[in-house]
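Q: Chain by chain, the residues:
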Amino acid sequence: MNSQLLSLAIWVPILGALPVFWIGSERRTLVRWLSLAVALAGFLVTLPLYTAFDATQAGMQFVEQSPWITRFNVQYLLGVDGISMPFILLNSFITVMVVLAGWEVIEEKQAQYMGAFLVMSGLMNGIFSALDGVLFYVFFEASLIPMYIIIGAWGGPNRVYAAIKFFLYTLLGSLLMLVALIWLFLESGGSFNILDWHQMRIGMAPQILIFIAFLVSFAVKVPMWPVHTWLPDAHVEAPTGGSVVLAAIALKLGAYGFVRFSLPIVPDASHYLAPMMIALSLIAVVYIGFVALVQTDMKKLIAYSSISHMGFVTLGFFIFNAIGVEGALVQMISHGFISAAMFLCVGVMYDRMHSRMIADYGGVVNTMPKFAALFVFFAMANSGLPATSGFVGEFMVILGAIKFNFWVGFAAATTLILGAAYTLWMVKRVVFGEVANDHVAKLTDIGAREFLVLGLLAVCVLAMGLYPFPFTEVMHASVDNLLKHVAASKL
Amino acid sequence: MLNNFVMPDLYPAAPEIFLLLMSFLVLFVDLIFGATHRWMAAMLTVITLLGCAAITLVTSDGQTALTFSNMFVDDLLADFLKLMTYLAVIMMLVYSRQYMADRGLDKGEFYVLVLYATLGMMVMISAANFVTMYLGLELMSLSLYGLVAIDRDSRRATEAAMKYFVLGALASGLLLYGMSMIYGATGSLEIGGVAQALYQGQSEKTVLVLGLVFMVSGVAFKLGLVPFHMWIPDVYHGAPTAVTMFIGSAPKLAAFAMALRLLVYALFALAVDWQKMLLIMAVLSIGLGNLAAIAQSNIKRMLAYSAISHMGYMVLGLMSGIIGGQVDPFTAVNAYSSALYYTVAYVLMSLGAFGMVLLLSRAGYEAENLEDFKGLNQRSPWFAAMMLIIMFSMAGIPFFVGFFAKFAVLLAAIKAGYTAVAVIAVMFSLIGAFYYLRVVKLMYFDRPVDSAPITAGLDLRVLLSLNGLAVAGFGLFPDALMMVCTTALMRSL
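Just so you know, the protein sequences line up as chains Y and D, in that order. For reference, each letter of the first sequence is one residue, going 1 to 491 in this note's numbering. For reference, each letter of the second sequence is one residue, going 1 to 493 in this note's numbering.
To be clear, the hints were calculated from the coordinates, so they are not data collected in a lab. Every residue gets a Cβ at the ideal spot worked out from N, C-alpha and C, and that includes glycine. Misleading hints may appear alongside valid ones.
Pairwise CB distance ranges, derived in the manner of DEER restraints [claimed, not checked]:
#1 D:Q196 to Y:S3: 54 to 64 Å
#2 D:G324 to Y:L416: 51 to 61 Å
#3 Y:F469 to D:D479: 36 to 46 Å
In silico lysine to any residue, SDA-like type, Cα no more than 25 Å apart, as pairs [claimed, not checked]:
#4 D:K374 to Y:V216
#5 Y:K109 to D:R447
#6 Y:K490 to Y:I212
#7 Y:K165 to Y:V216
#8 Y:K165 to D:R447
#9 D:K374 to Y:W22
#10 Y:K165 to D:L493
#11 Y:K109 to D:I454
#12 Y:K109 to D:S451
#13 Y:K165 to D:I294
#14 D:K276 to D:T419
#15 Y:K370 to Y:D438
#16 D:K374 to Y:W425
#17 Y:K490 to D:P448
#18 Y:K165 to D:S451
#19 Y:K490 to Y:A58
#20 D:K276 to Y:T444
#21 Y:K442 to Y:I23
#22 Y:K428 to Y:F406
#23 D:K374 to Y:Y161
#24 D:K276 to D:L493
Working from the sequences, and respecting the hints, build out all of it.
A: This is how it looks when you write it as structure tokens:
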């Protein structure tokens, strides 16, 4: 089957960004509508990926293959399975939200802002669909450029520090991955095809080295404790759209890397080092949960909550059972919706008050009832309330973890308390109570555009929580296939 | 004796001969029209180079032809490197036209010296004999010394020229000394002859190794590798920007040719020895170049240190041709073509980076401080984007040509078993990314301090745009250039 759908998913937003750049920021209305059109087009071309997806098949679908660098046998090789396909849809959907969220708020250089997000979206679709090591790496690293500009150019007061820290941290990881990719190429006898690497036999010592190289790269991206420190900085300084894309999609790239590279390519090392990975994940879940509790800045709080939730994802991967892995994947998608919504909510308040400090708020419900309802809903979802998507993933991972080892499951389950504690306590202080000050008293409720964005996300969160089947259905075959790979020793 | 004189085959050297003849014409034209019609010399110079390109293309048949009693070689590699040299020189001339005119430096001497330097590079590229190599090297170097000092009222430029001259003469002396020792040990000055004598293995090893050390030092000086890099920052900084651009571009191709012809073609039998020397120098260059570049506030100095680190990466490819003393043709071609590709990619990026400095300079103002790039995105989003491409390319971030250059070199190094070295190299490129990121930061995150409109002419703007797009284009479609580099090398080894 040779379709161009994946290429469209990648290149429609990127090429569509060019006219947006070209129009320039003077003609704001045109820029906005064109960006929205491109983002929508980018989303529409990804829809057939879901509708035409064959959920019974474990292999790669919508495969596109053509030579790219013949000198090193690098191919333009794209394809998705049940693991990567949902993320392409999620990414393209979030891009539409981001364009809408930046509609009026971004006043300076709006064309570049929109264009950067469109380019970013295409590049991330590329990461999720690349099946060639070099192609993956190229997308993976190129996606740093728009994000660097987004944080640095439209961010808060400390944006330069945050942008450079973000870039160098992530680059540190990916450079080691590059060495590992080249090593795999030479060892496999001249192939950069990831699927070939899945079949390749590798000795234990190189497996561990490769695992560590991948680990550094993906752990920074996830981010796992203790290489997470760039994330709070980046989130706090980034404009709302930047935080949304970072939390909803960019963090998933690291986790995705584990499933696509680490687990199937070096399964023995993965098993061998799983205790370490589980320990790091649990530290992220528990310790970072406590850290989130004491934050005074809403964005920072949500950033730490993201790290804690991503700890769940890595935990799910490294307990090696179907329910854990699937739970982790569901958690990734659900966190994509919820964290995006949480950051958008903070953005809504920030646009009005120009403050992210919890202490500056109080009693928002009195002046912004519609917004408060949505915010409380997302906060509930973030703390894993049943019937929201946040519950499904966490519950599955906890189930898997208890199957693996009771105490691991027990430790993971503390998040249900911690997550509820930090999220709801924040909501209590921000939303409820008496009107805290004059600024809050002057707040206006969300307009139609903001309501549309948050409402759509709320629908997604609710739908996924009530009926997760359409999401898990497409994953089953691929996850089983992955676990089969991981279970087979390559020594 | 005169009866035995055989007229050498001039055909392989046709571009050189054409350039030499045309340079007389340029001198002549400048003498007559120089005072009134300055553009004529410039135009003629460009025509000369285009003519050379045409001749090189027409006479290129992919065969290796030796002439002048085996002193001069014309092979596919030489043709390719010469074409790249013409291109770099023409680009330099277009970039610098207005800059030189604004400063009254567009004298006839400038064009003639550029032509002679180019001729020197061409001779180096085609050298098949130590003497030819030395001849070309000196012709190039002497012309460059003169060019650095072309603004004779500038103290900084004069000082730079002096420093360049003294150190350059020392390096030439080292090289010559090394050549004479190799000659003493092998009894041949011909590159092919030396290689043959070494394979027979009856040469005095001590003398050989001593000669090798001197030759490697000479080559390292021309490439600007640590610890022979001292001249680079001062010369880059002191010379007029147009000349800096010249020194930072085409001569790198010639230096690559010199390294390849001397070390690989002539002294391949000693590869195990020079490999170690190059390894140390490569790592030191990558390390020092990247670290020192961070501390610079002048963009010319920053690019100078960046040049040192880039040449370190290039040498990383050059030294990866043999694995543990075993020769394997595939590995060798792989390694040398990665180094060639790196050089070509670097020249393209370097031209673009200096082109940006020229773009922002105007009459009476040198935009050579990093501060001058502040807020460029607000002054000109298009050129800010071009500089962004060039900077990220130099940092080795995809999708730009610089990434694939680093990729090819790293692949060669890892293949040769230098995985640890490759890891060190990528770690230093992480450090290096910082100062390239800083330029992007200045352009995109800061407000402009200099709000003067960009006055550069249309020719510079168009060329700079093409240059930036080429850096991106060769990154999106790296296959063609890589293939050309590989083919040129394969057919010439």
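Q: It remains to establish, for every hint, whether it holds in the given structure.
A: Now the hints, each set against the structure:
A beta carbon spacing of about 58 Å between Q196 (chain D) and S3 (chain Y) agrees with the range 54 to 64 Å that was offered as a hint. A hinted range of 51 to 61 Å for the beta carbons of G324 (chain D) and L416 (chain Y) is consistent with their spacing of about 58 Å. F469 (chain Y) and D479 (chain D) have their C-beta atoms about 45 Å apart, which keeps the hinted 36 to 46 Å range intact. The hinted pair formed by K374 (chain D) and V216 (chain Y) fails the criterion: a straight-line CA distance of about 34 Å is larger than 25 Å.
Distance check on the hinted pair: K109 (chain Y) and R447 (chain D) sit about 13 Å apart at the alpha-carbon level, within 25 Å; holds. Taking the CA atoms of K490 (chain Y) and I212 (chain Y), the gap is about 17 Å. The hint holds against a cut of 25 Å. A hinted pair counts as satisfied when its Cα atoms are at most 25 Å apart, and K165 (chain Y) with V216 (chain Y) qualifies at roughly 16 Å. For the hint pairing K165 (chain Y) with R447 (chain D), the CA-to-CA distance comes to about 21 Å; that is within 25 Å, so the pair holds.
The hinted pair formed by K374 (chain D) and W22 (chain Y) meets the criterion: a straight-line CA distance of about 22 Å does not exceed 25 Å. Proximity of K165 (chain Y) to L493 (chain D) is assessed by CA-CA distance (about 46 Å); at most 25 Å being required, the pair is judged violated. With a C-alpha separation of about 20 Å, the suggested pair K109 (chain Y) and I454 (chain D) falls inside the 25 Å cut-off, and the hint holds. Proposed proximity of K109 (chain Y) and S451 (chain D) is supported: the alpha carbons are some 17 Å apart, at most 25 Å.
Note on K165 (chain Y) and I294 (chain D): the hinted pairing holds, with a Cα-Cα distance of about 16 Å set against a maximum of 25 Å. Of the pairs offered as hints, the one joining K276 (chain D) and T419 (chain D) holds, with about 15 Å between alpha carbons and a cut-off of 25 Å not exceeded. Restraint check: the Cα-Cα separation between K370 (chain Y) and D438 (chain Y) comes to about 20 Å, which is no more than 25 Å; the hinted pair holds. As the CA atoms of K374 (chain D) and W425 (chain Y) are separated by approximately 44 Å, the hinted pair breaks the 25 Å bound.
This hinted pair does not check out: K490 (chain Y) and P448 (chain D) have alpha carbons roughly 57 Å apart, beyond 25 Å. Only pairs whose Cα atoms come within 25 Å are accepted, and K165 (chain Y) paired with S451 (chain D) is rejected, the gap being roughly 29 Å. As the CA atoms of K490 (chain Y) and A58 (chain Y) are separated by approximately 20 Å, the hinted pair is consistent with the 25 Å bound. For the hint linking K276 (chain D) to T444 (chain Y), the alpha-carbon distance of about 71 Å lies beyond 25 Å, and the restraint is violated.
Taking the CA atoms of K442 (chain Y) and I23 (chain Y), the gap is about 36 Å. The hint is violated against a cut of 25 Å. Distance hint between K428 (chain Y) and F406 (chain Y) is unfulfilled; the C-alpha atoms sit about 33 Å from each other, more than 25 Å. A hinted pair counts as satisfied when its Cα atoms are at most 25 Å apart, and K374 (chain D) with Y161 (chain Y) qualifies at roughly 17 Å. For the hint pairing K276 (chain D) with L493 (chain D), the CA-to-CA distance comes to about 22 Å; that is within 25 Å, so the pair holds.
Violated hints, listed in ascending order, are 4, 10, 16, 17, 18, 20, 21, 22; each of the other numbered hints is respected by the structure.
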